[in-house]
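Enquirer: Chains as they are written, first to last, in the working numbering: chain A, 1 to 224; chain B, 1 to 202.
The hints are simulated quantities; they were obtained by calculation from the structure and are not laboratory data.
Careful, some of the hints might be misleading.
[As the list claims (entries may be wrong)] Under the rule of at most 27 angstroms between Cα atoms (straight-line distance), these lysine-lysine pairs were calculated in the BS3-like manner:
| # | chain 1 | residue 1 | chain 2 | residue 2 |
| --- | --- | --- | --- | --- |
| 1 | A | 150 | B | 147 |
| 2 | B | 153 | A | 53 |
| 3 | B | 153 | A | 176 |
| 4 | A | 176 | B | 125 |
| 5 | A | 148 | B | 153 |
| 6 | A | 53 | B | 147 |
| 7 | A | 148 | B | 147 |
| 8 | A | 160 | A | 137 |
| 9 | B | 62 | A | 188 |
| 10 | A | 137 | B | 147 |
| 11 | A | 106 | B | 95 |
| 12 | B | 147 | A | 176 |
[Unchecked claim] Okay, the calculated beta carbon distance ranges per label pair:
| # | chain 1 | residue 1 | chain 2 | residue 2 | range |
| --- | --- | --- | --- | --- | --- |
| 13 | B | 84 | A | 207 | 21 to 27 angstroms |
| 14 | A | 207 | B | 51 | 56 to 62 angstroms |
| 15 | A | 35 | B | 67 | 46 to 52 angstroms |
| 16 | B | 97 | A | 109 | 16 to 22 angstroms |
| 17 | B | 97 | A | 115 | 36 to 42 angstroms |
| 18 | A | 161 | B | 126 | 34 to 40 angstroms |
| 19 | B | 125 | A | 30 | 15 to 21 angstroms |
| 20 | A | 210 | B | 125 | 35 to 41 angstroms |
Remember, predicted model here, so these are calculated numbers, not experimental data.
Glycine included, C-beta positions come from ideal geometry on N, C-alpha and C.
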Amino acid sequence: MSSSGNNLMRWFRGAGGSQSKPQEGGKSAPRTRRTCIGLGEFMRSLSSRGEQKTCVLDLGPTSPTNIALLTEMGVRVFNEDILRESQDESYCVKQEDGTLQFDATKFFAENLDYAADQFDAILFWDVADYLPESLVKPLVERLQAMLKPKGHLLAFFHTKDAGAESLYSRHHIVQKDTLELEPIQGFKLQRIFNNRHIENLFKDFASRKFFLGRDNIREVLMVR
Amino acid sequence: MWKPRPEDNKPMSMNPTQPAQPVPPPVAAAAPSIPTQPKETPKVSEPHRADVGHIGKSVQIKGELTGSEDLYLDGSIEGTVDLRDHSLIIGPNGKIKAAISARDLVVHGRIEGNVTATGRVELRKSCTLIGDVSTQRIVIEDGAFFKGAIDIKEKSQPAEARKPLAVAASAGMSAGSGSSSSSTASSYSASSDSQGSFLDSK
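All chains should be modelled from the sequences, with the hints used to inform the complete structure.
Expert: Structure below.
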C-alpha cells in the first residue's frame, strides 16, 4: 500500500482504532427488511450468466436463506465469514511498542485461498466498515483478483448519518431485491467511507454504481 | 397368656423385612404392558437406537473409518469416514478432521474436511463446518458456522423416483439442484417446494 493510500486510510478512520472481539455466537436483535436496488441488479446479473455453473462468494456470516436462494438458482455458493475470522488474535503481530498490529499476510495464508478469476460474483455486504484497517485494501485487491472479468461485487457502506453505533448485520436475501437485516452485536464500526474513498478503494474495477438508501446505507455495485 | 393380635389374622408376608412398603396398585401389577406415562416417540436422530453404531465422546480414532450401518459419532476422528449408504450423526462433542462420505449427515459438532452426501446434510446451530459440501439437499440452522463451498448435485435416477417422499419429509431448508437445463426442471420445482417449507418453519 502506498504512503498516500495509508494516509488516506488514516484520514477517514472512524470511531476508535481497536475492535473488541465479538461474543461467541453474538446475540441477534430483531430483523428488519429493506428493498435493495443494488441487490436487484446483482441478482439480475447472476441470472443472465446461464451458460455454466455460476460461483458466488458470500463474505458475510452464514445465512441459510442466502444459501437456499442461490443454490435454487443453480449457483455454487462459497461462504467465508471474514469479519469473524479477522477477530482471531492469532493474526495480530506484536509491535516494538507493544501494540498489536493486524497482519494481513498471515490472514490470507489461512483465508480466501482461491484461484484467480474463480468467482462470478461476490457479496461483500457491509464488512469493509468493520474490518481492521490494515486488512481493507489488501482484501479489496484480493477480491478483485478472485473475480472473473465482468464479475460483480456488491458492497454496502454506512453513511456519516448512520452514526458510530451502527450495528453490523447479517444479510438474508429473502427476495431478489429484498434483504432482511439481522443485527449482530459485538462488532464496532471502524470508519465511514465517503464516495471518493470508495472510488479510490475500488479504482481498479471497471465500473462502480452507487445507490443511496433512505436508511443511510450506500449500496455500491462494482463490475470488474 | 397369649393374646391374639389383630395383625396375626392377616396372611403372613413372604418378605417380613419390607412389611411397610405399599402394595403396588393392582392395575399396574395386572397390566405391566400398559405404560403409566406417555412414551416419547424416538426421534430420527436418536443416538442410542439399537441399529445405530455409537462412538462416545472419549473415543479418539486416527485412520480410516468405514461401516455399513448408521453411526452416531461423538468422539474425535482424524482420517476418513466412509459410510456410503448410511447416515452419520456428529454429536455435539464430535471433532472430525476427515473427509466424510455418507448418505445423510447431521452435524452438531465440528468438522474440518470435505463432505460428500448422496442424500441430505443438516448443519445444526451448534455446528462448525470448515470444508466443501457436495450433496443433493442441505439444511442449515441459524447459528451454524460454515466456511467453504456448497455444491448441489443432480439427483440420480433412483433418488428421482423417491423424490415426492423426500420433499415431504424435508422439515427445514432444502436446497435442490437448480440447473438451467430443461431436463432438470422437475427437480427444480421440487426444490422450490422445500424452500417454501423452510421459510414457513422460520
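Enquirer: Compare the structure with each hint and give your call.
Expert: Okay, the hints, checked on the actual structure:
{"no.": "1", "hint": "150(A) - 147(B)", "verdict": "25 angstroms, holds"}
{"no.": "2", "hint": "153(B) - 53(A)", "verdict": "12 angstroms, holds"}
{"no.": "3", "hint": "153(B) - 176(A)", "verdict": "23 angstroms, holds"}
{"no.": "4", "hint": "176(A) - 125(B)", "verdict": "26 angstroms, holds"}
{"no.": "5", "hint": "148(A) - 153(B)", "verdict": "23 angstroms, holds"}
{"no.": "6", "hint": "53(A) - 147(B)", "verdict": "20 angstroms, holds"}
{"no.": "7", "hint": "148(A) - 147(B)", "verdict": "21 angstroms, holds"}
{"no.": "8", "hint": "160(A) - 137(A)", "verdict": "21 angstroms, holds"}
{"no.": "9", "hint": "62(B) - 188(A)", "verdict": "42 angstroms, violated"}
{"no.": "10", "hint": "137(A) - 147(B)", "verdict": "22 angstroms, holds"}
{"no.": "11", "hint": "106(A) - 95(B)", "verdict": "25 angstroms, holds"}
{"no.": "12", "hint": "147(B) - 176(A)", "verdict": "23 angstroms, holds"}
{"no.": "13", "hint": "84(B) - 207(A): 21 to 27 angstroms", "verdict": "49 angstroms, violated"}
{"no.": "14", "hint": "207(A) - 51(B): 56 to 62 angstroms", "verdict": "59 angstroms, holds"}
{"no.": "15", "hint": "35(A) - 67(B): 46 to 52 angstroms", "verdict": "50 angstroms, holds"}
{"no.": "16", "hint": "97(B) - 109(A): 16 to 22 angstroms", "verdict": "19 angstroms, holds"}
{"no.": "17", "hint": "97(B) - 115(A): 36 to 42 angstroms", "verdict": "24 angstroms, violated"}
{"no.": "18", "hint": "161(A) - 126(B): 34 to 40 angstroms", "verdict": "38 angstroms, holds"}
{"no.": "19", "hint": "125(B) - 30(A): 15 to 21 angstroms", "verdict": "18 angstroms, holds"}
{"no.": "20", "hint": "210(A) - 125(B): 35 to 41 angstroms", "verdict": "37 angstroms, holds"}
Checked against the numbered hints above, the structure violates hints 9, 13, 17; every other hint is satisfied.
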